Amino acid sequence: MSDEIIVVEQLHKYFGSVQAVKGVDFRVKRGEVVLIVGPSGSGKSTVLRCINHLEVPTSGAVYIDGVHLEDKKTNINEVRAEVGMVFQQFNLFPHLTVLQNVSIAQEKVRKRSKDEAEEIAMEQLQRVGIPEKAGAYPRQLSGGQQQRVAIARSLAMQPKIMLFDEPTSALDPEMIKEVLDVMLDLAKAGMTMVVVTHEMGFARAAADRVVFMDDGQIIEVGPPEQIFGKPQHERTQLFLSKILAH
Amino acid sequence: MAGPEIQIPDVSWRDNWREFPWWLVAILGFLVVMAILVFTNENIREAFLFIIPGIRLTLYITLAGFALALVLGLLAGLGRISSNALVRNIAITYVEFIRGVPTLVLILTLAFVLVPAISNGMGIDNRNVSIELRAILSLAIIYGAFLAEIFRAGIESISKGQMEAARSLGMNYRQSMQFIILPQAIRNISPALGNDFIAMLKDSSLASVLAVRELTQRARLYAGSTFRFPESYLVLTFCYLTMTIALSLLLRWYEQRLGKDSR
Ligand SMILES: Nc1ncnc2c1ncn2[C@@H]1O[C@H](COP(=O)(O)OP(=O)(O)OP(=O)(O)O)[C@@H](O)[C@H]1O
Ligand SMILES: [Mg+2]
Numbered sequence: 000m001s002d003e004i005i006v007v008e009q010l011h012k013y014f015g016s017v018q019a020v021k022g023v024d025f026r027v028k029r030g031e032v033v034l035i036v037g038p039s040g041s042g043k044s045t046v047l048r049c050i051n052h053l054e055v056p057t058s059g060a061v062y063i064d065g066v067h068l069e070d071k072k073t074n075i076n077e078v079r080a081e082v083g084m085v086f087q088q089f090n091l092f093p094h095l096t097v098l099q100n101v102s103i104a105q106e107k108v109r110k111r112s113k114d115e116a117e118e119i120a121m122e123q124l125q126r127v128g129i130p131e132k133a134g135a136y137p138r139q140l141s142g143g144q145q146q147r148v149a150i151a152r153s154l155a156m157q158p159k160i161m162l163f164d165e166p167t168s169a170l171d172p173e174m175i176k177e178v179l180d181v182m183l184d185l186a187k188a189g190m191t192m193v194v195v196t197h198e199m200g201f202a203r204a205a206a207d208r209v210v211f212m213d214d215g216q217i218i219e220v221g222p223p224e225q226i227f228g229k230p231q232h233e234r235t236q237l238f239l240s241k242i243l244a245h
Numbered sequence: 000m001a002g003p004e005i006q007i008p009d010v011s012w013r014d015n016w017r018e019f020p021w022w023l024v025a026i027l028g029f030l031v032v033m034a035i036l037v038f039t040n041e042n043i044r045e046a047f048l049f050i051i052p053g054i055r056l057t058l059y060i061t062l063a064g065f066a067l068a069l070v071l072g073l074l075a076g077l078g079r080i081s082s083n084a085l086v087r088n089i090a091i092t093y094v095e096f097i098r099g100v101p102t103l104v105l106i107l108t109l110a111f112v113l114v115p116a117i118s119n120g121m122g123i124d125n126r127n128v129s130i131e132l133r134a135i136l137s138l139a140i141i142y143g144a145f146l147a148e149i150f151r152a153g154i155e156s157i158s159k160g161q162m163e164a165a166r167s168l169g170m171n172y173r174q175s176m177q178f179i180i181l182p183q184a185i186r187n188i189s190p191a192l193g194n195d196f197i198a199m200l201k202d203s204s205l206a207s208v209l210a211v212r213e214l215t216q217r218a219r220l221y222a223g224s225t226f227r228f229p230e231s232y233l234v235l236t237f238c239y240l241t242m243t244i245a246l247s248l249l250l251r252w253y254e255q256r257l258g259k260d261s262r
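These protein sequences, in sequence, are chains A and B. For the first sequence, position 149 matches number 148 in numbering that gives the first Met the number 0, and the numbering has no gaps at all. For the second sequence, position 77 matches number 76 in numbering that gives the first Met the number 0, and the numbering has no gaps at all.
Among the hints, erroneous ones may be present.
Now the stretches of chain A that chain B is said to cover, found in silico as 3 or more residues with beta-carbon under 8 Å [claimed, not checked]: (1) 4-16; (2) 53-64; (3) 150-157.
In silico SDA-like cross-links for lysine to any residue, where the CA-CA straight-line distance does not exceed 25 Å [as the list claims (entries may be wrong)]: (4) B:K159 to B:I197; (5) B:K159 to A:E224; (6) B:K159 to A:Y13; (7) B:K159 to A:V108; (8) B:K259 to B:I197.
Which chain B residues face chain A? A few, computed with CB under 10 Å, are given here [what the hints assert, rightly or not]: (9) I97; (10) P115; (11) S156; (12) S158; (13) A164; (14) M170; (15) N171; (16) R186; (17) S189; (18) L192.
The set of hints was computed from the structure by calculation and includes no laboratory data. What you are looking at is a predicted structure, and each value in this text was computed from that prediction instead of being measured. Glycine included, every Cβ here is placed at the ideal spot set by N, Cα and C.
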């Protein structure tokens, strides 16, 4: 088994005539926490979504734990069960209770019994700190609570990798910390994580590496101190001066 | 209603008067007068007693036809958004073909051309396919095409993020549709489905051209043999209007409840 759990090779992605990703190479080791930063439209989400095959690359290859996603023989659902994804807009299932949200995929994909799935769901809700909301519907929760349920929903599948696409961008400032705390715990527990975020605090506390993207390409990679402290490229400097000005 | 007008808290009797559902009073008035006539007028009562047994077939054809139409509509609606070009084109052909031909013409064509062709193909003697069954199948095929568009719109109204979240958890397309998308879509389109059920109840009267002895056919038979045209067709109108008004009031109540729930 290779140490590299995510391998992205020469990834290109076109949307019609728009080239969103222009030859990205990207590797993540087991247990690593990697941040992707970059300006709007630089292709961060597209790269992330290629990692669980929500987007199909125009060319290039993605391997998850050695499994080639673009191979026709690959059962993509089996791979996705091992790769959790947390979205900016939470995307909880509004017609299901919190407990059902966290247990449905366990039952349908992992083929766990209802009792077992609900037990694991309660453990994960405990972990993200809202077991008391198990019977509530998503619309009855705050944004921060919804995002924590979304994290619990992915964790209940016991994935090997967790992907986060701007998990705190849709949240009111006072709710950002409760979500970041859950993510920090997860990073400390050794989860392999790829996170698109501009949260500097999280980057400093948890990231092993930061990847800076611009215009569909990776411009610079390094530890957070280097990327945020003394960036080598002009484009990285320009980008940082903009977000630090906020 | 949202509008630029400033809301005045204490509503005067004038506003109440304008808001009052006078249309309902008028329709209920007609129904009450007809009901009274059924009891008091000899001819009308006779017409009523002759026609009303047809309600069993009217309801049977509508319910069975609608149940089948739901299945057809769901399949065609899913086909309509399929990524498989062949499946998608078959679904679109079905929907557009049906929508391009008058309902009455379709009933005649389906009942006397398509159904016999299918039954012959399956080696069943044509005469064994009852006219009631032909009416049910015809209405189901017609309404399946209408419902397909409702199902399609319902599925497309659910945000893309729902499908993405389901798929990213490892659920396959069918599981994601069945457990995540369709429950939400069906809730959203249930008022539209209800409307089409009422429409189908009315269109079941077209089964009379196949000589199915539902309400309309019985009214025609009665009028033809007694020459009491006004009595026959007023009673017939009374029967349909009672059912459709009751159903549409039920639907309004359900829609209001649905609106409150989602808030
Ligand atoms: N489904 C799509 N259809 C067409 N164009 C798309 C689609 N998704 C992304 N793009 C385009 O691809 C480019 C990269 O988009 P992407 O969402 O990956 O950027 P991003 O770095 O995540 O930006 P943001 O910070 O705004 O989320 C953009 O120009 C975007 O408009
Ligand atoms: Mg993005």
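Supplied contact hint for L192 (chain B), tested at 10 Å Cβ to chain A: Violated. Min distance 17 Å.
Please verify that hint: S156 (chain B), Cβ, nearest Cβ of chain A, below 10 Å or not. Result: violated, 13 Å to nearest chain A Cβ.
Pair hint K159 (chain B) and I197 (chain B), alpha-carbon separation not exceeding 25 Å: violated, 31 Å
Would the hint linking K159 (chain B) and V108 (chain A) be met if the CA-CA limit is 25 Å? holds, 20 Å
Please check whether A164 (chain B) passes as an interface residue: C-beta within 10 Å of a C-beta belonging to chain A. Holds, because the Cβ-Cβ distance from A164 (chain B) to chain A comes to roughly 4 Å (cut-off 10 Å).
Hint R186 (chain B) vs chain A: min CB-CB distance below 10 Å? At 7 Å from the nearest chain A Cβ, R186 (chain B) passes the 10 Å test, so the hint holds.
Would you check chain B against the stretch 4-16 of chain A, counting CB to CB pairs closer than 8 Å, and say if three or more residues qualify? Since three or more residues must qualify, the claim that chain B covers the stretch 4-16 of chain A is violated, with 0 doing so at under 8 Å.
Is the interface hint for N171 (chain B) satisfied, with its Cβ closer than 10 Å to some Cβ of chain A? Constraint on N171 (chain B) satisfied, holds at 5 Å.
Okay, the stretch 150-157 of chain A and chain B, do three or more residues pass the C-beta test at under 8 Å? holds (count 3)
Once the shortest beta carbon distance from M170 (chain B) to chain A is found, is it less than 10 Å? holds, 6 Å
Under the criterion that the straight-line Cα-Cα distance not exceed 25 Å, is the pair K259 (chain B), I197 (chain B) satisfied? holds, 24 Å
Can I97 (chain B) be said to touch chain A, with a Cβ gap under 10 Å? violated, 31 Å
Hint check: violations occur at hints 1, 2, 4, 5, 9, 10, 11, 17 and 18; the rest are consistent with the structure.
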